[in-house]
Amino acid sequence: MAMVSAREWREIPGRYNLIGSKCENCGKIFFPSRSFCPDCRRAGMGKMVPFNMSRKGEVYSFSINHDASGFNNRMMPYAVAMIKNDDGVLIAGQLVDVEFDKIQIGMRVKAVMRKLNEDGEAGVIHYGFKFVPDE
Amino acid sequence: MKMREVAVIGAGSTKFGELWGQSFRALGLEAGMKAMASANLAGDEIDAIYIGNMSSRLTKQQHIDALVADYTGMAGKHIASTSIEAGGASGGVAFRQGVMAVASGMHDVVIVGGAEKMTDLDDDSVNEVMNATTDADWEAGMGLSLTSLYAMIARRMVHEGLATREEIAACAYNSHFHGQFNKDAQFRKEIKLDTVLRAGPTAEPLTMFDGAPISDGASAVILCPLEDAKKYTDNYVKVAATAQASDTLALFQRKSITEFEATKVAAQQAYAAAGITAKDINVAEVHDDYTVAGCMALQDLGLYKNGGKAFLEGCTKFDAGKIAVNTSGGLKAKGYPIGAAGVSQIVELYQQLTNNAGDRQVKDAKYGLAQSVGGTGSAVTVSILEAM
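Sequence lines, in order, name chains A and B.
In the working numbering, each number is its position in the first sequence, counted from 1, plus 153.
In the working numbering, each number is its position in the second sequence, counted from 1, plus 28.
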C-alpha cells in the first residue's frame with residue numbers, strides 16, 4: 154500500500170538528518186523525535202527540544218534479511234541492524250557497503266543518506282539514513 | 029468493586045492449515061459451533077461476542093464483529109459483538125475482554141473467538157500484515173521485517189551467552205514433537221534439530237523452521253460466571269487470572285532486547301491474582317511465532333531459567349513430568365492464524381485441564397498458563413486457568 158507523500162515529508166528531519174529530541178527536564182535523548190517525554194510525562198510538557206543525534210555508533214545486533222517482500226526486492230538479501238549511536242541511543246536501519254561476513258557486533262558504523270525504497274514506478278521515492286562501516 | 033469468578037465451559041477449534049476451500053466466515057462459524065456444542069448451549073444463552081482478528085484491513089473485510097454476529101446467527105438477537113486487534117496478541121486480548129465482561133457482571137454468557145484467513149492474501153500482503161505489528165515508520169519503513177527483529181534478538185541472546193543457536197532451535201523441535209498428537213495441527217510430523225538449523229534462511233541467523241507458518245483457522249471458547257458453570261456442563265475450568273501489559277511499539281526503544289518486560293509484568297500480575305507461583309504451573313502455551321520468542325517466554329514467565337535448554341533437554345514434553353510447554357504443537361506446528369492464536373491456546377488448556385487432551389494429556393494438570401504476544405513484546409497477555 155503506497156504512502157501519501159505527506160507522511161514521508163513530515164518525517165524528513167529524522168529520516169535525512171537524524172534529528173531526535175532531548176527532554177530538557179530529565180536530559181534524556183530520544184530517536185525518533187517525540188513531542189512528549191515518556192519518563193517525565195506531564196512534568197516535561199513543552200520541554201522537548203530538537204536534538205542532532207550523533208551519526209556514528211556501533212552495531213548492537215544485526216540480521217541478513219532474505220524475505221522482506223514488498224521492500225527493497227532488488228537488493229535482497231540485505232543487512233539490517235540495530236546501532237547503538239555515540240549518544241547511547243539504539244537506532245534501527247539498514248547496513249550497506251559491507252560484506253555480510255565482515256559484520257560483527259561492536260563494529261563501528263556511521264549514517265549516510267541513501268535511497269530506501271520506492272512506491273512502484275510512479276510513486277514516491279523514499280530516502281533516509283543507512284549505516285556504512287566507519288573506517 | 030467485587031468481581032465475579034469466571035469459568036470456561038466450552039471450547040473448539042477448526043483444523044489449522046492452508047484451508048483453501050473454507051472462507052473466513054465458514055471457519056468462524058465452525059469454531060463457534062464446536063465451542064457451543066462442547067458447552068451444551070443452544071445459542072440463545074449467549075449475550076456477547078468478542079473476536080480477535082489481525083488481517084482484516086488487507087483482506088478488505090473490516091467490521092468483522094458484524095460479520096461474525098451475522099454468520100453465527102447472533103445478529104437476529106442483536107447481541108453486542110466486538111472485534112479486537114492487538115497484533116499477534118489479538119486472541120489473548122479478546123479472551124481477556126470476554127473474561128472482564130463476565131467478571132464485571134455486564135454479560136453472563138460470552139463467546140470469545142479468534143479467526144484468521146491468511147491464505148486469502150498473497151505472500152507480500154502476509155508479510156505486510158506481520159510487519160505492520162512493528163513500528164511502521166521506524167522499523168518496517170526502514171526495511172526491517174518482524175522476522176529480522178526476532179533474528180536480532182536471537183543473535184543478541186547468543187552474543188550475551190543467554191542461549192546457544194541449538195537451544196533456540198529446540199523450541200521448534202518441541203512444538204513439532206507435540207504437533208504429531210494434535211489432529212487439528214497444520215504440521216503433524218516430528219522434526220530433527222538439524223532440520224531447523226539447515227533450512228533456508230529467512231532473516232539470519234533464523235531459518236524457515238524458526239518461524240511459525242502462514243495458516244487459516246479459527247478457535248472459540250465459551251465463558252460464564254463460575255457459579256453458573258454446572259448448569260451447562262461438568263467439564264469446566266476456572267479462569268484463575270488474566271493479565272495484560274504493554275511496552276514500546278519499537279523494539280529498539282527498550283533497555284534490553286533479550287527479555288520482554290511486558291511478559292514479566294503480566295506474569296507477575298497473573299500469578300498474584302491466581303495466588304500461585306510459576307512452580308505451580310503444569311502446562312503452558314506460549315507464543316512461539318519465532319523459536320527465540322518461545323525461549324524468552326519460558327524465562328520471562330519464570331517457568332524455566334533457560335528456556336532453550338529446557339526445550340533441548342526435553343523437559344517441556346507432555347510426559348516429562350515437569351512443566352509441559354506447547355502441547356498443542358504451539359504456533360510453529362499447530363499453525364499460526366494470527367487472531368486465533370491466543371484463543372487456540374485457551375482451547376488447548378481447557379482440553380488439558382478437563383482431561384480431554386488424548387495422546388498428549390499432561391498427567392494431573394491443575395494449572396495451565398497461556399501467553400499471547402503482539403509484535404516484539406509490545407502487548408502481552410498472560411492468563412491462568414485452573415482445573416475444577
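Hints in this document: simulated from the structure, not taken from any laboratory.
Among these hints, one or two may not hold up.
Under 10 Å between C-beta atoms, here's a sample of chain B residues computed to sit facing chain A [stated by the list, open to error]: (1) Leu-221; (2) Glu-287; (3) Lys-391.
Partial list, derived from the structure: chain B residues whose beta carbon lies under 7 Å from chain A [what the hints assert, rightly or not]: (4) Gln-90; (5) Arg-183; (6) Leu-190; (7) Thr-192; (8) Arg-193; (9) Glu-232; (10) Phe-280; (11) Ser-284.
Straight-line distance between alpha carbons at most 25 Å, and here's what the computed SDA-like set of lysine to any residue pairs gives [what the hints assert, rightly or not]: (12) B/Lys-88 to A/Glu-177; (13) B/Lys-88 to A/Arg-160; (14) A/Lys-209 to B/Glu-289; (15) A/Lys-175 to B/Gln-281; (16) A/Lys-209 to B/Lys-88; (17) A/Lys-181 to B/Asp-152; (18) A/Lys-237 to B/Glu-289; (19) B/Lys-292 to B/Val-186; (20) B/Lys-283 to A/Phe-183; (21) A/Lys-237 to B/Lys-283; (22) A/Lys-181 to B/Met-236; (23) A/Lys-237 to B/Ser-284; (24) A/Lys-237 to B/Ala-227; (25) A/Lys-255 to A/Gly-241; (26) A/Lys-175 to B/Lys-88; (27) A/Lys-237 to B/Lys-88; (28) A/Lys-255 to B/Thr-276; (29) A/Lys-268 to B/Asp-152; (30) A/Lys-200 to B/Leu-225; (31) A/Lys-175 to B/Glu-113; (32) A/Lys-209 to B/Ala-227; (33) A/Lys-181 to B/Leu-277; (34) A/Lys-255 to B/Lys-88; (35) A/Lys-175 to B/Asp-152; (36) A/Lys-209 to A/Glu-161; (37) A/Lys-175 to B/Leu-277; (38) A/Lys-255 to B/Ala-94; (39) A/Lys-181 to B/Ala-227.
Computed from a predicted structure; not experimentally measured.
Ideal Cβ positions, reconstructed from N, Cα and C, are used throughout, including at glycine.
Each hint tested on the structure:
1. Leu-221: violated, 21 Å
2. Glu-287: violated, 14 Å
3. Lys-391: violated, 41 Å
4. Gln-90: At about 14 Å, which exceeds the 7 Å cut-off, the nearest Cβ of chain A leaves the hint on B/Gln-90 violated.
5. Arg-183: holds, 5 Å
6. Leu-190: Status violated, d = 13 Å.
7. Thr-192: violated, 16 Å
8. Arg-193: violated, 14 Å
9. Glu-232: holds, 4 Å
10. Phe-280: holds, 4 Å
11. Ser-284: Violated - the Cβ of B/Ser-284 stays beyond 7 Å from chain A, reaching only about 11 Å at its closest.
12. B/Lys-88 to A/Glu-177: Violated. B/Lys-88 to A/Glu-177 sits at ~45 Å, over the 25 Å cutoff.
13. B/Lys-88 to A/Arg-160: Satisfied, since the Cα-Cα distance of roughly 22 Å is no more than 25 Å.
14. A/Lys-209 to B/Glu-289: Between A/Lys-209 and B/Glu-289 the Cα gap is close to 28 Å, so the pair fails against 25 Å, i.e. violated.
15. A/Lys-175 to B/Gln-281: holds, 15 Å
16. A/Lys-209 to B/Lys-88: Not OK: A/Lys-209 and B/Lys-88 at ~43 Å, beyond 25 Å, violated.
17. A/Lys-181 to B/Asp-152: The given pair, whose Cα atoms are some 38 Å apart, is violated under the 25 Å limit.
18. A/Lys-237 to B/Glu-289: holds, 20 Å
19. B/Lys-292 to B/Val-186: Holds, because 21 Å separates the two Cα atoms, which is no more than 25 Å.
20. B/Lys-283 to A/Phe-183: Holds - the C-alpha atoms of A/Phe-183 and B/Lys-283 are around 13 Å apart, at most 25 Å.
21. A/Lys-237 to B/Lys-283: Distance of about 11 Å is within 25 Å: holds.
22. A/Lys-181 to B/Met-236: violated, 39 Å
23. A/Lys-237 to B/Ser-284: holds, 12 Å
24. A/Lys-237 to B/Ala-227: violated, 31 Å
25. A/Lys-255 to A/Gly-241: holds, 23 Å
26. A/Lys-175 to B/Lys-88: Judged against 25 Å, a Cα distance of about 41 Å means the pair is violated.
27. A/Lys-237 to B/Lys-88: violated, 39 Å
28. A/Lys-255 to B/Thr-276: Roughly 31 Å separates the two Cα atoms, so the pair is violated.
29. A/Lys-268 to B/Asp-152: holds, 21 Å
30. A/Lys-200 to B/Leu-225: violated, 50 Å
31. A/Lys-175 to B/Glu-113: violated, 32 Å
32. A/Lys-209 to B/Ala-227: violated, 35 Å
33. A/Lys-181 to B/Leu-277: Answer holds: A/Lys-181 to B/Leu-277 is near 18 Å, not above 25 Å.
34. A/Lys-255 to B/Lys-88: Roughly 44 Å separates the two Cα atoms, so the pair is violated.
35. A/Lys-175 to B/Asp-152: Answer violated: A/Lys-175 to B/Asp-152 is near 37 Å, above 25 Å.
36. A/Lys-209 to A/Glu-161: Judged against 25 Å, a Cα distance of about 24 Å means the pair holds.
37. A/Lys-175 to B/Leu-277: Status holds; Cα separation ~19 Å.
38. A/Lys-255 to B/Ala-94: Violated. A/Lys-255 to B/Ala-94 sits at ~54 Å, over the 25 Å cutoff.
39. A/Lys-181 to B/Ala-227: Violated: A/Lys-181 and B/Ala-227 sit about 43 Å apart, past 25 Å.
Hint violations for this structure: numbers 1, 2, 3, 4, 6, 7, 8, 11, 12, 14, 16, 17, 22, 24, 26, 27, 28, 30, 31, 32, 34, 35, 38 and 39, all remaining hints satisfied.
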